[in-house]
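*Asks:* Single-letter residue listing:
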Amino acid sequence: MPSINHIQEELTSLSQHVAQLPKSTTFAVPKDYFETFPERLMGAIHHEASGQDLIELSPLLKSLTHENPYTIPEGYFNNLKIEVPRNQAPVRGMYRFGTLVKYAAAACLAGIIATVFFVSKKENATQWATLSKEHETFHHTVSPDAIAMYLEEMDNLSAAETSENEQVDTGSNLLVDLNRETIKEILQEIPDKDISLYMDQDGLGDVYSLN
Amino acid sequence: MLPELDDIELVRLFKDTQQREKAFTSIVKKYQEKIYWQIRRIVITHQDADDVMQNVFIKAWNGLNNFREDAKLYTWIYRIAVNESLTYLEQQKRRSSISFDDVSESLENKMQSEKGFDENKAIWKLQLAIQQLPEKQRIVFNLRYFEEMPYEEMGIILDTSVGALKASYHHAVKKIEEYILNH
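Chains A and B, in that order, are what the protein sequence lines are.
First residue of the first sequence: 0, per numbering that gives the first Met the number 0; consecutive thereafter.
First residue of the second sequence: 0, per numbering that gives the first Met the number 0; consecutive thereafter.
All clues stand as given, with none of them false.
Listed next, the stretches of chain A that the computed footprint assigns to chain B, with coverage defined by at least 3 CB atoms under 8 Å from CB atoms of chain B:
#: 1; stretch: 13-19
#: 2; stretch: 23-33
#: 3; stretch: 36-43
In silico DSBU-like pairs for lysine-lysine, Cα to Cα no more than 30 Å straight-line:
#: 4; chain 1: B; residue 1: LYS29; chain 2: B; residue 2: LYS135
#: 5; chain 1: A; residue 1: LYS30; chain 2: B; residue 2: LYS124
#: 6; chain 1: A; residue 1: LYS30; chain 2: B; residue 2: LYS28
#: 7; chain 1: B; residue 1: LYS33; chain 2: A; residue 2: LYS22
#: 8; chain 1: B; residue 1: LYS58; chain 2: B; residue 2: LYS14
#: 9; chain 1: B; residue 1: LYS109; chain 2: B; residue 2: LYS124
#: 10; chain 1: A; residue 1: LYS22; chain 2: B; residue 2: LYS135
#: 11; chain 1: A; residue 1: LYS22; chain 2: B; residue 2: LYS28
#: 12; chain 1: B; residue 1: LYS21; chain 2: A; residue 2: LYS30
#: 13; chain 1: B; residue 1: LYS33; chain 2: B; residue 2: LYS21
#: 14; chain 1: B; residue 1: LYS114; chain 2: A; residue 2: LYS22
The hints are simulated quantities; they were obtained by calculation from the structure and are not laboratory data.
No experiment lies behind these values; they were computed from the predicted model shown.
Backbone N, C-alpha and C define an ideal beta-carbon position, used for all residues, glycine too.
Just need the whole structure built from these sequences, with the hints factored in.
*Replies:* Structure representation (structure tokens):
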């Protein structure tokens, strides 16, 4: 049993305010209550045991005999048998047709999905194999020296060369250089017969006269 | 009245029909004050405490024949007292259809009508603070603070683990401190 000091220490550690409060009794008790209580209690116990409480509560009820007015068939309790019903659960087959169909459908669906996945994976693999094979062939047919030479030539191409080529290709520059005299020279080189034929074909003879 | 006998002897004498009444009177005289104050702190008024006291000892009289001697007698009576007190409050609550808060308020009102009540006095302030606690914390606090009961014994009475009782006491003390500081 813990000492009072131990309990007080516990309380002080929890709250010094509460620990400082006085523990004296606050409630008042009638004089001689504890002296008379055992006697009153024993009186109450005797009173209850003798059935006096029922006499006081209802004298009529107490005066009635404690006989049971109900009757039962003769030998009822001797012949009483309680049959506990067996819990017979309905028997169900392990494999039912409906369940099998469901499983079969699920298996088919899973098979289709797996096949599609497998085929697409195989096609991809084939494509990759072809590409890598081409790459390998290229490496085998073109020697590393040739590749190096090609790259070197590409680096040596000057910017001027590149821009010259670009000017030749540009149609707008060609139009700017064709002046009236150049055109006359070109037209003098072409026979008149051809020019008139061209003009007749395109319907330009009436509109323009170049000479 | 029998001379000072220990609980085991008193229970043995009780089982002898010739000695029963004397043995029981000795038991009542031995524990009545402790039991009374435990009940009184729960039900507050003397009238209610007296009713519960009678019920407790009548139950003890009827059950003592089946009492196992390996248990402590006073722990057993304490347990009956706590249960009877709570049952009494429950009955009052049912009769008047009031909630827990109203029961607490009702107990506070009963306390205020007690002789010598003075809310400014620390001892009454403590009682008011105890009334604010939930039922179980109130009982745990009363048993520990006033009765200085070990947690192990309290555990038998309240059928609760020592850890849970320590936690309840801790919460109760903190709530009481808060109440006292704020009022």
